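Those protein sequence lines, which keep their order, are chains A and B.
Using our numbering, you'd call the opening residue of the first sequence number -3 and step up by one each time.
Using our numbering, you'd call the opening residue of the second sequence number 48 and step up by one each time.
Treat the hints loosely; a few may be bogus.
Chain A side only, calculated, beta carbon under 7 Å to chain B, not exhaustive [what the hints assert, rightly or not]: (1) 36; (2) 39; (3) 42; (4) 45; (5) 54; (6) 101; (7) 103; (8) 110.
Think of the hints as simulated: they come from the structure by calculation, not from any bench.
Computed from a prediction, not measured in an experiment: that's the story for all the values here.
In this text, a Cβ means the ideal position worked out from N, Cα and C, and glycines have one as well.
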Amino acid sequence: GAVVSQHPSRVICKSGTSVKIECRSLDFQATTMFWYRQFPKQSLMLMATSNEGSKATYEQGVEKDKFLINHASLTLSTLTVTSAHPEDSSFYICSARDQQYNSPLHFGNGTRLTVT
Amino acid sequence: SQQGEEDPQALSIQEGENATMNCSYKTSINNLQWYRQNSGRGLVHLILIRSNEREKHSGRLRVTLDTSKKSSSLLITASRAADTASYFCATDAGNTGKLIFGQGTTLQVKP
Chain A
-3 GAVVSQHPSR
7 VICKSGTSVK
17 IECRSLDFQA
27 TTMFWYRQFP
37 KQSLMLMATS
47 NEGSKATYEQ
57 GVEKDKFLIN
67 HASLTLSTLT
77 VTSAHPEDSS
87 FYICSARDQQ
97 YNSPLHFGNG
107 TRLTVT
Chain B
48 SQQGEEDPQA
58 LSIQEGENAT
68 MNCSYKTSIN
78 NLQWYRQNSG
88 RGLVHLILIR
98 SNEREKHSGR
108 LRVTLDTSKK
118 SSSLLITASR
128 AADTASYFCA
138 TDAGNTGKLI
148 FGQGTTLQVK
158 P
């Protein structure tokens, strides 16, 4: 089945630094990937849609300069949290689908970011 | 923005019992999907039901969809301790392919 790999699984960084999270589709090509954020015991909030070869589409209220998304190839999207602050601490999850619409999303295992 | 409301927020049952979770949404949809999440992990797709379908089965799972009421339910029959997880419904609307998730139901199945 389709596999999405996300790395790293956990990262701890200091305030003010930037952190990059990678999301790879291992056995399929993904022109579109989706980045979600999840707070403890809460649901997933869609942050942005990552489009291969073009700019990401951000959801309302998500700072594009804060959360930089790059989708340089059909198998890799990256999310960079810039100038991280403790309130950016969260669980970030990427996803992609290997078919057109009306099909499931395949999720990475998530990245637990802790900003100290 | 979150589309769905799920009910109940938490559910605790004994092994062997059935578990029913409900999901309501607000806009027209192309399909509705159910996912499972074990603590601290990514989500696993369980079942997809299209807007023109009313019921779908997969193993011990049964999903219903009522588009007139904008609601769906997930039934897990003969539950097992390994079914302990959070369950989310997600709606696929419009032509962007993005999924909007409900608040989720945390299911605990006691051995």
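Against the structure, the hints come out as follows:
no.: 1; hint: 36; in the structure: violated, 10 Å
no.: 2; hint: 39; in the structure: holds, 5 Å
no.: 3; hint: 42; in the structure: holds, 6 Å
no.: 4; hint: 45; in the structure: holds, 6 Å
no.: 5; hint: 54; in the structure: violated, 12 Å
no.: 6; hint: 101; in the structure: holds, 6 Å
no.: 7; hint: 103; in the structure: holds, 4 Å
no.: 8; hint: 110; in the structure: violated, 13 Å
Violated hints, in rising order: 1, 5 and 8; the structure is consistent with all others.
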